[in-house]
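Enquirer: Hints in hand, dock the two standalone chains.
Chains A and B supply the protein sequences, listed in that same order.
With our numbering applied, the first sequence covers 30 to 412.
With our numbering applied, the second sequence covers 369 to 555.
Derived by calculation from the structure, the hints in this document are not laboratory data.
Treat the hints with care, since some could be wrong.
One side only, chain A facing chain B, incomplete, derived with CB under 7 angstroms [as the list claims (entries may be wrong)]:
id : residue
1  : 216
2  : 244
3  : 403
4  : 405
5  : 406
Below, simulated EDC-like cross-link-like pairs (lysine to aspartate or glutamate); rule was C-alpha separation at most 16 angstroms, straight line [to be verified]:
id : chain 1 : residue 1 : chain 2 : residue 2
6  : A       : 411       : B       : 399
7  : A       : 179       : A       : 125
8  : A       : 411       : B       : 397
Note that the Cβ used here is the ideal one computed from N, Cα and C, for glycine as well.
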Amino acid sequence: MSRNIRVDVAVVGDGLIGMSTALHLRRRYLSVAVIGGTTQGRASTAAAGMLTPACEYDPWMPQEFYELLREGLDYYPPFLSAFGFTPESVGFRSTDFTLLDLVERPDSLQSRTEWMDKYGIENRWLSPAEVCDAEPHLSPRTFRGAIRIKDEAVVNPRALLQAMTEWASAEECPVLVGGLTGVDDEHGRLRLTTGEGDTVIADQVVIAAGSWSGQVGRAFGLDIPVCPVKGQIVRLAGPPGLLRSVAFMPSGGCGSIVSRSPGEYIVGTSEEYLRPETDNTAGVVGTILSRLCAVVPEAAEWRIEEMWSGFRPMTSDELPILARADDPRIVVATGHHRNGVLLTAVTGRLVAALIDDEAPGLSLDRFRYGRPLRPHTRFATKY
Amino acid sequence: MNSFTIRAARPHADETTALLDWSVGHLDELERWAIRRQVPVPGPILAGIRRRYAEDGGRAPEPVPPVWDREPDSVPAGQVPEAALLAALERDLLLYAASLAEGRIDDLTVTTVPGVPAAFYAPQSRRLFLPDWLAEAVSGRLFAPTALFPEPPSATVSWLFFQSLVLTPPSLPSGPAAHVLGIRESD
Ligand SMILES: Cc1cc2nc3c(=O)[nH]c(=O)nc-3n(C[C@H](O)[C@H](O)[C@H](O)COP(=O)(O)OP(=O)(O)OC[C@H]3O[C@@H](n4cnc5c(N)ncnc54)[C@H](O)[C@@H]3O)c2cc1C
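Bound-form chain B, shown alone (with noise of 0.2 angstroms):
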């Protein structure tokens, strides 16, 4: 029987810095990875990261080493504001167990990081960072209700883990951590 555990770390201000200095040098994976999961990135965010991108065009200074590296100061989970999520993605990832089993996952520990754009995976430490606006609307659903499709399927909340850009070096692309841990979503 495989299990999977969630973890929360609270933030350090120098974690939002390094995230925006990753999107600033990944622009075109973030602005794709938002359009295409219909994610809406507060405009301000997403302001500033391009007016970065414009003036120092594209190059970001590189961590060393890497913030997102370091061990963090884990709590249980039940303990930060977002617990609820927390679990409810504990409760989808463990439907992933044996796949993620065979990519040596079997934990996480999730910060909640304000001002950032999007979902981030460091794979080293596994760590995620989820943008603190994300978190808090994320909705069980697949979609929101229209008139063609009143009542919208259920949906897992997996997608935030899976679909997470992996954070990689400036001079490497990026891509869902899905794709990069080699493991299918549906089957």
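The shape of chain A in the complex, shown without the other chains (with noise of 0.2 angstroms):
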């Protein structure tokens, strides 16, 4: 039977953005629904679960990028207790990262270092053999040094996804199925409705549908402009331990090793513009694979257990979008690329203030909606 449902808020999109958004505003006291669609390509299912402002950063990004990433880290552990979540049940973890200088790259990542240290960042230089002594899986022969990275973190963003839903349901707040198909004014609210015949009538909407924002917002008659850049992830099975870090491989689509429980690796990964399909191919997991075996020697005798793959939703400045759009009853909430795992719980947080009219917090000018961005680019695949 279809459901008829009036609330103050309805967020469209029931990935990681989505849910944390639909979390924050019901602490707020606010009725929510969440609108999904496909699990297909989801890129919050997909994701290794990194939390790594220094190693996702990148000096020609704007500072106050650095600043959220940052934000989106700190924010975590208060975050996770807020809503009652134990940092076990969800896979989060403190861990320093080892940024790989890799012989495969011409240039060296050393001087990464200095602007690490202007930005407060805690990092120090590893000779090949300090590497050696801090990750003796590691062969040489594949780097040149590294720059370890000092309490950064992981999270498994599957489980996050989960608790975040189940969350929401024991909060009431539904979380329908089935995408938004219609857009209807309602006497100045809006209309929604759903593949299933459902509707929501709404004061506001969140749009925050990763990949598919830019379809979802043509809905409302909005111009979101991200496109779909697609990573494949494997996993693997090993003895456990071998690594005390995260192995971070800035080569191709800027891989890397994550240890996801005891004995469970999550290799990746590549940055695919022009291949909006789901599967896993020959040249990204061979290449995966090799540079995993090439760094760590014992990994040729790890289990493949599972491989997949989803789509970052991305904007040609690589920067998201937070902000209030045109349609002063709708709050975009996309474009977060390489890093919505790391913004999921911040983005929430910011986005339940706009919603509410406060002032977030953080200067969000740089992610505003209808900044000038440039038509998309085919860049090559990165692998």
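Expert: This is how it looks when you write it as structure tokens:
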């Protein structure tokens, strides 16, 4: 039977960004309904779960973005405790990152320590011998050294999404399926229809539909210029405890080896701009695995458990959109690209503040809706 | 205010030969270029280059001086059959005029060449060579519609220049123009 729901806020998108937004809105005692779409290609369940401002920020980006990433990391522990999620239940833990200066890169990474120092990031350049001391399972044939970054974190994005979805159900925040299929005006409110025939009438709407935000935005007459950037991941099983940190490999699509739970290794990834299919391909998986086996030779014996892919929502300036749209009833929260897991918690908090017309507490001007953006470009696939 | 102008030049037969010779000497980069950009190089063109590579072990004659460095007989871009594409390229590259000016590039002469496998850039003469089959197939969308993404985002055609292979001597590795010129396409 189809449902007819009246709420203060409807959130379109049931990935990490949409769910975190819904949770933060609910904590403000607003009534909320979430409309979700397909699970195919969803970024939130594809992600590795690294929470690493230091590895992900690049100095060509505005400083406000670094501040946002940093706040994203700092806010994780209070966010988890505010919603009653234990760190263990969502796989959250603090960890160091080893940013490997791979020999396959033509240029060295060592100069990155300069801006890290400037931003107050606790880091240290390690010689190849020091890398061997810190990470005895990595082969020095593959790197010229590394930057060791202290105290960043990882989370299991699948577990986090599930925990948030359960929290929402328990707090009377319905999560409807079938995707948004229609939008109408109803006496100044917005009437949203789903593919299952449900109707949600809302005073305000948050668009958080990841790579589908452009499509969803069009239904509201908005231009939300995000494109899907595919990334492939392989999950392997091997002996536990081989890595003491997350190995970040800034080559190709910026790969990583993340130990998600003891003996479970998440390895990626690619950046593919031109292949909107959820498949895994020989070129990408082959390269990911051969780089893994070069960096950690023992990995040649690890068992492949699973592989998947998902689509990161990217704007052409690679910054998110976190702002009210031209239609003041709508807030847009998307474009998180490579950092949506890191920014999950803080985005929910900021968007809830925007909905309540409160000052968000961080400068969001760089992330405004309607800022001048170039059209997307056909980048080559990176892996 | 930065400017950017595109001119056109008609192809010479020796340019096709020289670009094919170069391709034989850089087959690895060529194959990678096509795969990573989802560019469907016509089978016979690629097969011909692979065959020559197999026969002469990747050694191709080095043109002296390279034909792509000579002054082209340029004509206004509006006078060639691919005028619409060149207008789009000029419009899109204008978005990067400031970065291009840093690399001292404020014009480009484009030649559409039959029978070549990729887009090539000759830095000396600022000439861009585009395969005729690619020029005919360039789309203003990022990708073709799929069930998951039925409405693909629109895209610039600037990649035809930024990702063209830079014509280096056979002994030197090449790379896409944006990389060689140090231009960030997304800034
Ligand atoms: C391979 C890979 C690795 C990554 N690794 C990391 C990492 O280590 N750290 C990090 O911080 N980030 C990482 N990311 C990025 C991160 O996953 C994303 O930025 C983030 O998950 C985006 O979340 P989202 O909720 O905006 O989008 P999504 O998770 O894609 O969710 C969008 C939701 O919108 C729904 N939807 C679609 N159409 C409709 C419709 N018509 N109506 C209603 N709903 C609709 C979909 O069903 C989907 O559930 C990675 C991404 C990938 C792909």
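Enquirer: Decide, hint by hint, whether the structure agrees.
Expert: So, going through the hints one by one against the coordinates:
1. 216: violated, 30 angstroms
2. 244: This interface hint holds because 6 angstroms falls under the 7 angstroms limit.
3. 403: holds, 5 angstroms
4. 405: holds, 5 angstroms
5. 406: holds, 5 angstroms
6. 411/A / 399/B: Measuring from Cα to Cα gives roughly 15 angstroms; hence the hint holds.
7. 179/A / 125/A: Answer holds: residue 179/A to residue 125/A is near 5 angstroms, not above 16 angstroms.
8. 411/A / 397/B: Holds, at about 14 angstroms.
Of the numbered hints stated above, the single one contradicted by the structure is hint 1.
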